[in-house]
Amino acid sequence: MTDISKDQVRHVAHLARLAVSEEEVEVMTKQLGDIIHYAELLNELDTTGVEPTTHVLDLKNVMRKDEPRKWITREDALKNAPDHQAGQFKVPAILE
Amino acid sequence: MTLFDYTLDELQKKLHNKELTVTELVQASYDRIDAVEDEVKSFLTLDKDRALEKAKQLDENMPEKTNPLYGIPAGIKDNIVTKGLRTTCASQFLSNFDDPLYDATVMEKLNKEEAVVIGKLNMDEFAMGSTTENSGYYDTRNPWNTDYVPGGSSGGSAAAVAAGEVFYSLGSDTGGSIRQPASFCGVVGLKPTYGLVSRFGLVAFASSLDQIGPLTRTVEDNAYVLQAIAGHDKMDSTSANVDIPNYHDALKEGVKGLKIAVPKEYLSSQEGIQPEVREKVEAALEVFKSLGATVEEVSLPHSKYAVAAYYLLASSEASANLARFDGIRYGKRAEGAENLIDLFKKSRSEGFGDEVKRRIMLGTFALSSGYYDAYYKKAQQARTLIKQDFDKVFETFDVIIGPTSPTPAYKVGEKIDDPLTMYADDVLTIPVNLAGVPGLSLPCGFSKEHHLPIGLQIIGKHFDEKTIYRAAYAYEQATEHHKERPNLGGAK
Chain U
1 MTDISKDQVR HVAHLARLAV SEEEVEVMTK QLGDIIHYAE LLNELDTTGV EPTTHVLDLK
61 NVMRKDEPRK WITREDALKN APDHQAGQFK VPAILE
Chain P
1 MTLFDYTLDE LQKKLHNKEL TVTELVQASY DRIDAVEDEV KSFLTLDKDR ALEKAKQLDE
61 NMPEKTNPLY GIPAGIKDNI VTKGLRTTCA SQFLSNFDDP LYDATVMEKL NKEEAVVIGK
121 LNMDEFAMGS TTENSGYYDT RNPWNTDYVP GGSSGGSAAA VAAGEVFYSL GSDTGGSIRQ
181 PASFCGVVGL KPTYGLVSRF GLVAFASSLD QIGPLTRTVE DNAYVLQAIA GHDKMDSTSA
241 NVDIPNYHDA LKEGVKGLKI AVPKEYLSSQ EGIQPEVREK VEAALEVFKS LGATVEEVSL
301 PHSKYAVAAY YLLASSEASA NLARFDGIRY GKRAEGAENL IDLFKKSRSE GFGDEVKRRI
361 MLGTFALSSG YYDAYYKKAQ QARTLIKQDF DKVFETFDVI IGPTSPTPAY KVGEKIDDPL
421 TMYADDVLTI PVNLAGVPGL SLPCGFSKEH HLPIGLQIIG KHFDEKTIYR AAYAYEQATE
481 HHKERPNLGG AK
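Protein sequence lines correspond, in order, to chains U and P.
Following UniProt numbering, the numbering of the first sequence begins with 1 at its first residue and continues without gaps.
Following UniProt numbering, the numbering of the second sequence begins with 1 at its first residue and continues without gaps.
Chain P on its own, in the form it takes in the complex (with noise of 0.2 angstroms):
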């Protein structure tokens, strides 16, 4: 057993018992990736002397009663705004970003619970992507199979809390992007209810769709990290002014009675559905009856059409959020540049990669003068039908349930090739972000053949992250997926 079998709730006794230091484990979240990084590749930029300095005043200074994240090391993902800490949205354009002025939302609050920052994590240039292959600097590989893609757009902040290198990590989720890459790696991931989480200092991809959410080893943490990150916040006026309720507490309430949906369109082989995934989620399904859940079968009608208006609309947000980058007040300016419009055109083209580019110019098209009312306008309707399709199932159910991905990951440079064959995976998380509902994924077994992580999809209501923590506890608790460990630097 090692420091990262244990919880958060079980650091914080051995803290307060004195058998460890915030140093301590500050030293062995930088040991671990000596030992891991070179294979995994977790991280963009790390910051051990901050974060050790931190860990010596956290020693010198615990008060006795301590809120769960205190002294406990985190990841962040690189599109999240950090004093002080340089920020690249892993593109070459933002190589050069090293001070930013300001602290995202979610790191005020972070740091109001003293947590400590190990570093920044890969990911898929400006989080558009599903393997983190597509980051301007490396791939970041799969902890259980490094010749596998750990998923993305968050693959760092994923990879890392699996690899054992962090406790938990923030990562940004605007068409799956937390729960996929938790799904291929093995770990606890949530998307929270759109504006749950405040996007303030959150590098913008497609404003509607993005937030921002924990990744942990445990449904526990994970309830923990987001009751830290949760809450109004006037910095971003699409914030709601909801009350946060203690997700700790429903925790244990157990799922006896609770109505569980199961869309046919997620468990169906026409959306490409892998067997084995259906049966590990069918499996999964007979545990919430055994523990007092009823599951019936329904239909999100609209499911088919949702991977291609997220296309449209993120990149069509994309399109116009990306504008900012131009090479005048932050990022890398290209040389030779003769006016003002071959600046903006060669720092551009010249910091942004294919697949930014390639968003950049759907969007673009989408908004265009002819086509905004056939694409844009259209993909929007869609949108309406999808939400409703969720508003129709939750006025009769308590969750949605159904696989995270259609398949496990797989390997490295498979699909990188095929932009649409990789957008047609995220046919799974994609309607969620769509309909502004949360949802989270949890390992729920593992494939035979390469013995690479299952993950089970947990849809709930607005603002009812509470369900979905009680269900996915009683699920966890009942099995032990949760226990197994990639075998990565010599040691489990």
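Bound-form chain U, shown alone (with noise of 0.2 angstroms):
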């Protein structure tokens, strides 16, 4: 049984870009940690030598020429952004 750890939540809300309060990390600990040991049900089961399924369907890669072709405008990308300057996404400096 793998128990999960209140920093283990921290590091894992890191990786997912979520900011967490103390008292969210507490709640997520108690419900993540039921949810996977209720998931190692699945250590029951011998899965030697089956293979994992990504996909139910036969499909090989599905390739096309790298053609240019009609899509939306630079004006229209920008319109549902929640802000952009001189026809660029605006972001917080990333540079010191």
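Because the hints were derived from the structure by calculation, they are not lab data.
Honestly, I wouldn't trust all of these hints.
To be verified - Straight-line Cα separation of at most 30 angstroms, BS3-like style, residue types lysine-lysine; simulated pairs: (1) 112/P to 65/U; (2) 411/P to 30/U; (3) 56/P to 83/P; (4) 392/P to 448/P; (5) 79/U to 54/P; (6) 30/U to 304/P; (7) 411/P to 70/U; (8) 411/P to 90/U; (9) 483/P to 70/U; (10) 60/U to 387/P.
Said to hold, decoys possible - Computed spacing ranges between beta-carbons, pair by pair: (11) 61/P to 38/U: 50 to 60 angstroms; (12) 49/P to 87/U: 28 to 38 angstroms; (13) 75/U to 61/P: 28 to 38 angstroms; (14) 275/P to 65/U: 37 to 47 angstroms; (15) 43/U to 39/P: 18 to 28 angstroms; (16) 38/U to 299/P: 14 to 24 angstroms.
Every residue gets a Cβ at the ideal spot worked out from N, C-alpha and C, and that includes glycine.
Starting from the two chains in their separate frames, assemble the complex, guided by the hints.
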């Protein structure tokens, strides 16, 4: 049985780019722990030699020619953006 | 009798006989919405001006021959992208996504059929949930009794059809999200074979499981809507390049000699199947027998692992798919972020609701270094075993029949604080998504105490929706359940 610690929850939240309050860490530690314990039901299964299924259809890579085609304009692309400037999405500074 | 008692075929006849105009039909939808929407709350966004404008055009340019969806009012689940019409996935994150730039492929197809979109339907946020209580806006209620949940995640899609607000709707189904609300609201809902309907423009939850499908009053109407939306799409590389049969032609072939398998796990009290649900399904099987089908018990031995495998796989895929919501290109951005990472974190924490965060966390955990093999890969292997269970049964049988959900609808608030119990209720629908096969729910009776609908699930082979429809139609025509209407807004 894997127990999940509060530190793990904080780490996973960081990986998932979620800000969590201490109260949320508390709740999530319990809930994630419960779900993971339940999921360990799968350990009953002998899966030696069983191929993992990523996809149900037997599809191969679907290729197409790399050709330019009409899609949306720059103006359209910026239409739903929370902040933009000079034809670009605007974000906080990423360089010191 | 109201307009909403007519089938698509009957409505087309009325349009051609000039007994009815498209404008009247569309207006009837909005009138009904005005009358019952306060109680049901199926819709997140209405598109009345454009719908009435389109109705006018369709009235003026009506061709001599029309297809079954011509001018018929439809509702669309809010995770299907509609050009120029707000698309929120019932998330506050997308509350300002007012002007989507393109139509999903299914919308292009419906537009080609001259369907009229009435509005966008409520759902659990990003399709994560089984009651529509996870909507970031408000709950949708069950039209049969508004103290009860409509199911989810396509709760708005099922409730709007059951309440007679639209004639059909589109939903999406990742682990039961079309079939379970169809069961709770007493309508017909199909999850097509994975790959039959393009996912282009469906906001992705779990890409290897998601499918768009129709919710309707009758099996025949359902076949018509599927006919309109099925087919290969080069914009979706997982869309299958298969021939699409004429579904309507198959309806009346009957079920004589049809081989029905009934998994013993699907009627077992161990899986929480209520005795009343079991009784209704057994009664339905007797109807099939009387129509000439054969019924045999089989086993899907890995069923009990499906829920665990599903929540690991679907959450893992969701954690990757929902990484795109970052507050930069569209959607809401949090105020006061100090740097880029902070901007991501703040926007995502404010934008997503609790259940979505829970699943992103679970998925991120299952995919994280050190846990990948133990959880994610193990779940993929379990998926293989579950799929093989179905393959084996379908070597001998034409369809698999069981309940759609272990219980009828439950009360609003009853299970929302207990994620695991709620997940466990998907035990009968999830295996179908994991195997990628099609499944349909249709009404097979009502609960004694509260008169809430109970759903029968018919599962078919890959790309054999035809046989599902054939069985469903035969059963529907032999029974009266689909003729009942909820008591709502004063009139039935």
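Hints, verified against the model:
Note on residue 112/P and residue 65/U: the hinted pairing holds, with a Cα-Cα distance of about 27 angstroms set against a maximum of 30 angstroms. For a cut-off of 30 angstroms, the pair hint linking residue 411/P to residue 30/U stands: about 25 angstroms separates their Cα positions. Restraint check for residue 56/P and residue 83/P: satisfied, since their Cα atoms lie roughly 20 angstroms apart, inside the 30 angstroms limit. Proximity of residue 392/P to residue 448/P is assessed by CA-CA distance (about 36 angstroms); at most 30 angstroms being required, the pair is judged violated.
Taken as a hint, the residue 79/U and residue 54/P pair is honoured in the structure, with Cα atoms around 25 angstroms apart against an allowance of 30 angstroms. Taking the CA atoms of residue 30/U and residue 304/P, the gap is about 23 angstroms. The hint holds against a cut of 30 angstroms. This hinted pair does not check out: residue 411/P and residue 70/U have alpha carbons roughly 50 angstroms apart, beyond 30 angstroms. Distance restraint check for residue 411/P and residue 90/U: the Cα-Cα separation of roughly 46 angstroms exceeds the 30 angstroms cut-off, and the hinted pair is therefore not satisfied.
Taken as a hint, the residue 483/P and residue 70/U pair is broken in the structure, with Cα atoms around 48 angstroms apart against an allowance of 30 angstroms. Proximity of residue 60/U to residue 387/P is assessed by CA-CA distance (about 19 angstroms); at most 30 angstroms being required, the pair is judged to hold. As the Cβ distance of residue 61/P to residue 38/U is approximately 57 angstroms, the hint placing it in 50 to 60 angstroms holds. One distance hint, 28 to 38 angstroms for the beta-carbon pair residue 49/P and residue 87/U, holds here, with the actual separation near 32 angstroms.
A hinted range of 28 to 38 angstroms holds for the C-beta pair residue 75/U and residue 61/P, which are about 32 angstroms apart. Taken as a hint, the range 37 to 47 angstroms is violated for the pair residue 275/P and residue 65/U, whose Cβ atoms sit roughly 60 angstroms apart. Between residue 43/U and residue 39/P the C-beta distance comes to about 47 angstroms, which lies outside the given range of 18 to 28 angstroms. For residue 38/U paired with residue 299/P, a C-beta distance near 23 angstroms keeps the hint of 14 to 24 angstroms intact.
Consistency with the previously given hints fails for numbers 4, 7, 8, 9, 14, 15, ordered from lowest to highest.
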